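There are 2 protein chains.
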Amino acid sequence: MDRRKFFRLLGGGVFLASALKGRAQAPWDEKTFEPTRTLGAPLSEYGGRSPFEEEVVRYISPNLRTRHSGADFAPLEKLEGVITPNGLHFERHHAGVPQVDPKSYRLVIHGMVERPLVFTLEDLKRFPSVTRTYFIECAGNGQNGYRNPPDPNLTATRSRGLASNASWTGVPLALLLKEAGVKPEARWLIPEGMDAAMYTRSLPLEKAMEDVLVAYAQNGEALRPEQGYPVRLVVPGWEGSIQVKWLRRILVTDLPAMAKDETSEYTDVMADGKVWAFTWVMDPESIITYPSGGQRIKPGFHEIRGLAWSGHGRITKVEVSFDEGKTWRRATLEPPVERLAMVRFKLPWYWRGEEVVLWSRAWDEKGNTQPTREEFFKKWGRNNRYHYNAIQAWRVLPDGRVVNGDRPLLGFAQGPGGGCDGEVFDV
Amino acid sequence: MDRRKFFRLLGGGVFLASALKGRAQAPWDEKTFEPTRTLGAPLSEYGGRSPFEEEVVRYISPNLRTRHSGADFAPLEKLEGVITPNGLHFERHHAGVPQVDPKSYRLVIHGMVERPLVFTLEDLKRFPSVTRTYFIECAGNGQNGYRNPPDPNLTATRSRGLASNASWTGVPLALLLKEAGVKPEARWLIPEGMDAAMYTRSLPLEKAMEDVLVAYAQNGEALRPEQGYPVRLVVPGWEGSIQVKWLRRILVTDLPAMAKDETSEYTDVMADGKVWAFTWVMDPESIITYPSGGQRIKPGFHEIRGLAWSGHGRITKVEVSFDEGKTWRRATLEPPVERLAMVRFKLPWYWRGEEVVLWSRAWDEKGNTQPTREEFFKKWGRNNRYHYNAIQAWRVLPDGRVVNGDRPLLGFAQGPGGGCDGEVFDV
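Going down the list, the protein sequences come from chains A and G.
Numbering-wise (the numbering used here), the first sequence opens with residue 1 and increments by one.
Numbering-wise (the numbering used here), the second sequence opens with residue 1 and increments by one.
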């Protein structure tokens, strides 16, 4: 049904009649009026959520061996708009979340530079600042998709929740590097964190000079401890693991470090057995958050909703299919559509109670799109667990329950996939 | 100094030398390395701020007679970017913050409609949604400016902190009204809240049909209780008082209600003694947050930073003056510059230690700008306390302290101003 026709029908009061078909009209109950009879709570210095929202939490897999190393998921189907609230931004760490005193905090830049420098947090905040909305996504996002057969109880959260979107403020790394005076032979940066893992990655100098931020704020306030308080790297569009948190040091050098955190993990084993050492740019992703796995809907009008993003550039289009990819309908993108940030997509839909499978597919400005599951595994094989960005399908059953709509892979072994026997976020 | 020259100097390492002039180089202390020796905190379901950020709070005036009716201020000079974090969004209520159970929540639309309707929260979320970033500003923002002589200890927070900026998600009120079927003779809506004040205002139907949202989410999660949980009106660009929180009922009618909350307050007494019954649209505002009152700066480079917004439309320009309005320099606006939302402005500046007064002035797409203090009082007089949007001046003293740079008004009486002897937010 096109949007204009939909609104004309709206004018005739069709929506609600169909939307509420079968629901008993119980306008209100005794509790509805109580708040008007009670003096409310006083002004407060820092607000908290309503107690009625306490079940909206990050998902932590019960299968994790420890909570001191691992990840948890942003509850995507419970969020609105595009901003991920600070308390629900996904987490990923390797030795717990350090507690850093901002007064003792220092950032050292040294190595192939004219002058090694030490910055306090106050110094960093004195530099010209930049604020941009960027998604951050774990390279391991979507790894549930490696399972064969697919997990029937999958939710949008467990499918793609190792991703979040926030407004980041910081100083361009390029300015700090110019301060230090990068020598002409330098090619790589080795950022290091001050967590107990002293987490380390290798970052090409080109990307650093382009748009990397040394960030100290997240949605207007200081970074949350689990997002790297007080300072982290934000590397727009690139895998989360390279966006070093609790940043304390950057070594300027001419070779990558081949650090533990980029060799024991985050390399990609392809179908042909070859290995990609570095896969930095996050490919296009989309996830329908409503209706999605674990939810239950009634016949009538629904606005299909979801999120899409790509590390290659701006999202240009998101399509939804109701026939497993034979035909596609274009969704609306909520403005402003920002580059390297999440976008909210929406599509009006009328469900009459038939069994149907919903697919979503995002396109970016470079012409990239998401593969189907079959296409993905032909290229990547199943000895890997990163960079899964295949289309996520949701199946709506006639009773309204929504379950994982992915189909089993033929010709592939059963099991969780996932290559190395390291920690697995969610099985 | 223009931006290009500034960056060339940067390349020569000039910045840091001048920025750190006089500071003892104490690179780090014992505490700097501790976090690498301690296993960090585990994954958590809902994140909180670092304990080191606990002093970043809303400002509550010690002069309030009660905290169950009044307002508190967003700590503007402690925020970054444009998003106001949910815990720090300014508050305003008249009988405390009600606690509303979303299961019992109902929104009634009745009066001059074809069919009166009752919506649950679930119903509202089924409708097509819209997400937009909008500022909300109290009509009483800036009222410290009515004081004569000016308060020397004014801060950016106390000057313009009854304003905040967030991404709001909700259903267009127009859709709900179409569902109910508005009768042709209707002209006004009377929204009512379910707080103990049963706070009520009158809203013209035209504006309701244009862009008013019945909102249920704030920066991705449910509204905070103090911002109206579970449902509020968002009336883009208009005074905060009309954006009824804890919305429970909308009466569709043909006359304004002339309710208590728009007659005992929020009418504007002009200099000529006449009274504006309704002043809905918020005029352009800007506030330099750094350097601002209560801060202390050192000679060297500073990025002057601030926020600007207007209820008339998009901000087109923000200017800064260093000579009390004789000449102006144009600041950079951080993209994306969204309509009826706050914008962050920035200007590189080199302070050599001279006494100087900083002014900022915002222009919107309709050609409106801020008046000087003198211009403002010529028009509005001092028997009022709303809609103060005159330029806020900050004076930088030679020792680096920043104080209120506003000058006393000549020919006006001394005192707080403020007309009616009602609650005053901050004296």
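Please keep in mind that the hints were generated in silico from the structure rather than gathered at the bench.
Some clues are possibly wrong.
As the list claims (entries may be wrong) - Derived lysine-lysine pairs resembling DSBU-like cross-links, with alpha carbons at most 30 Å apart:
1. A:Lys31 with G:Lys125
2. A:Lys378 with A:Lys274
3. G:Lys317 with A:Lys78
4. G:Lys298 with A:Lys178
5. G:Lys378 with A:Lys298
6. A:Lys274 with A:Lys260
7. G:Lys125 with A:Lys125
8. G:Lys178 with A:Lys125
9. A:Lys125 with G:Lys103
10. G:Lys78 with A:Lys103
11. G:Lys103 with A:Lys298
12. G:Lys326 with A:Lys103
13. A:Lys31 with G:Lys78
14. G:Lys178 with A:Lys31
This one's a predicted model, so the numbers in the text were calculated from it and none came from an experiment.
Verification of the supplied hints:
1. A:Lys31 with G:Lys125: 21 Å, holds
2. A:Lys378 with A:Lys274: The hint holds at about 14 Å.
3. G:Lys317 with A:Lys78: 38 Å, violated
4. G:Lys298 with A:Lys178: The hint holds at about 22 Å.
5. G:Lys378 with A:Lys298: 61 Å, violated
6. A:Lys274 with A:Lys260: Holds. Lys274 of chain A to Lys260 of chain A sits at ~19 Å (cutoff 30 Å).
7. G:Lys125 with A:Lys125: 40 Å, violated
8. G:Lys178 with A:Lys125: 50 Å, violated
9. A:Lys125 with G:Lys103: Given that 30 Å is the threshold and the Cα spacing comes to 45 Å, the pair is violated.
10. G:Lys78 with A:Lys103: Holds. Lys78 of chain G to Lys103 of chain A sits at ~16 Å (cutoff 30 Å).
11. G:Lys103 with A:Lys298: Given pair Lys103 of chain G, Lys298 of chain A holds - Cα atoms ~18 Å apart, limit 30 Å.
12. G:Lys326 with A:Lys103: At roughly 41 Å apart (the allowed maximum being 30 Å), Lys103 of chain A and Lys326 of chain G break the hint.
13. A:Lys31 with G:Lys78: With a Cα-Cα distance of about 39 Å, the restraint between Lys31 of chain A and Lys78 of chain G is violated, given a limit of 30 Å.
14. G:Lys178 with A:Lys31: 29 Å, holds
Checked against the numbered hints given earlier, the structure breaks hints 3, 5, 7, 8, 9, 12, 13 and satisfies all the rest.
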